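Since chain D is already given, all that's left is putting chain X on it; use the hints.
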Amino acid sequence: MNLKIRFVPYEKFKENHLRGFLGSMRDNTIILIDAKLTPEEEANLIKETMEKVSGHFSGIELNSLELANGKSMDGIGKFKNAIIERIIGKKRGLTIIGPAKTVRQIRKNPEELLLYM
Amino acid sequence: MVLKRLRKKLRSLVSRIFRKQKDVRIGLYGPVNSGKTTLANKMCMDWLGEELGKASVVPHETREIQVKEKVTIENGGKSLSFNLVDTPGIATKIDFEDFIKYGLKNKAAKQRAREATKGVIEAIKWLDNVDMVLVVLDSSRDPLDQVNITILGNLDARSIPFVIVANKVDLKRSQASRVREAFPNYNTIGISAKTGFNTEELYNHLLENL
Numbered sequence: 790m791n792l793k794i795r796f797v798p799y800e801k802f803k804e805n806h807l808r809g810f811l812g813s814m815r816d817n818t819i820i821l822i823d824a825k826l827t828p829e830e831e832a833n834l835i836k837e838t839m840e841k842v843s844g845h846f847s848g849i850e851l852n853s854l855e856l857a858n859g860k861s862m863d864g865i866g867k868f869k870n871a872i873i874e875r876i877i878g879k880k881r882g883l884t885i886i887g888p889a890k891t892v893r894q895i896r897k898n899p900e901e902l903l904l905y906m
Numbered sequence: 005m006v007l008k009r010l011r012k013k014l015r016s017l018v019s020r021i022f023r024k025q026k027d028v029r030i031g032l033y034g035p036v037n038s039g040k041t042t043l044a045n046k047m048c049m050d051w052l053g054e055e056l057g058k059a060s061v062v063p064h065e066t067r068e069i070q071v072k073e074k075v076t077i078e079n080g081g082k083s084l085s086f087n088l089v090d091t092p093g094i095a096t097k098i099d100f101e102d103f104i105k106y107g108l109k110n111k112a113a114k115q116r117a118r119e120a121t122k123g124v125i126e127a128i129k130w131l132d133n134v135d136m137v138l139v140v141l142d143s144s145r146d147p148l149d150q151v152n153i154t155i156l157g158n159l160d161a162r163s164i165p166f167v168i169v170a171n172k173v174d175l176k177r178s179q180a181s182r183v184r185e186a187f188p189n190y191n192t193i194g195i196s197a198k199t200g201f202n203t204e205e206l207y208n209h210l211l212e213n214l
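Those sequence lines, one after another, are chains D and X. Position 3, counted from 1, in the first sequence is what this note's numbering calls 792; the numbers after and before it change by one each time, with no gaps. Position 208, counted from 1, in the second sequence is what this note's numbering calls 212; the numbers after and before it change by one each time, with no gaps.
Same shape as in the complex, but just chain D (with noise of 0.2 Å):
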């Protein structure tokens, strides 16, 4: 089996909302994603995959990474983080986004993402 990893940038995550990601889902396509997604977000992302779950598409396993944890900034960098991410528009991070057909799970250890295929 092929697995493509397509990158979206946050941005472009945004104005498009999730049809068309979700659509590539089934192409066992990953997708990743150039920032931690808000709460909201993800909570959304949850919502429009339930609409698309069918016989071909279970579904979508998701994890991220954000750049500023608790063990690998000081106060002072998170502060100077905390600016960054004001200026950008969005939190610091990556989020990867795998069909659930295809990725059994996605891990996080606490830096690195661990992906079970």
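Calculated from the structure, these hints are not laboratory results. Please read all numbers here as calculations on a predicted model, not as lab measurements. It is possible that some hints are incorrect.
As the list claims (entries may be wrong) - Derived SDA-like pairs: lysine to any residue, alpha-carbon spacing no greater than 25 Å straight-line:
id, chain 1, residue 1, chain 2, residue 2
1, D, Lys890, X, Pro188
2, D, Lys836, X, Val71
3, D, Lys836, X, Pro188
4, X, Lys109, D, Gly844
5, D, Lys867, X, Pro188
6, D, Lys867, X, Ala186
7, D, Lys836, X, Glu212
8, X, Lys129, D, Glu804
9, X, Lys72, X, Glu212
Structure of chain X alone, referenced to chain D:
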């Protein structure tokens, strides 16, 4: 975007302040099969003498929002009345073939899957309608699941007070301490909804905090 979030938080806070005591809604949220309905039934049996819904090992048994009104808990001279809201488990995937493994026929499995997806959507929508949440997690499983993180993040973002209930402590492989370590900034109470172990601490927490 920031103003929009601020307006939403303010509206939610004002709504909660002015809502009458009898309209308080406590929601049970969590991933699939974490024991939400078992806990709901335990609470309803303890204080009303009747169960709320059907619990099962088959995933997505609860596929609709279920509400039990006027649940009153009392202890040490304090009492609290609320509406208990049991919600479908939240999931990012639902495969009808999983239900077939539990003995359902193909047609029934597909129907269950359809109902389960609607249930997940409803559960997320109902986050706007609850005043406090018990986040029920299975303490025998990895707490750092994305669904759990999404639920807690949404509760934080909406300023909805919550307590984490580390359920199923009766199981040998249960580790309530792992749940506490995963979410050190939040209150976690270890219980067994099935046996009733430590549910009194949960009731006291509700009495103290609402």
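Are any of the numbered hints broken by this structure? If so, which, sorted upward? Of the numbered hints given earlier, those the structure breaks are 1, 3 and 7, listed in rising order.
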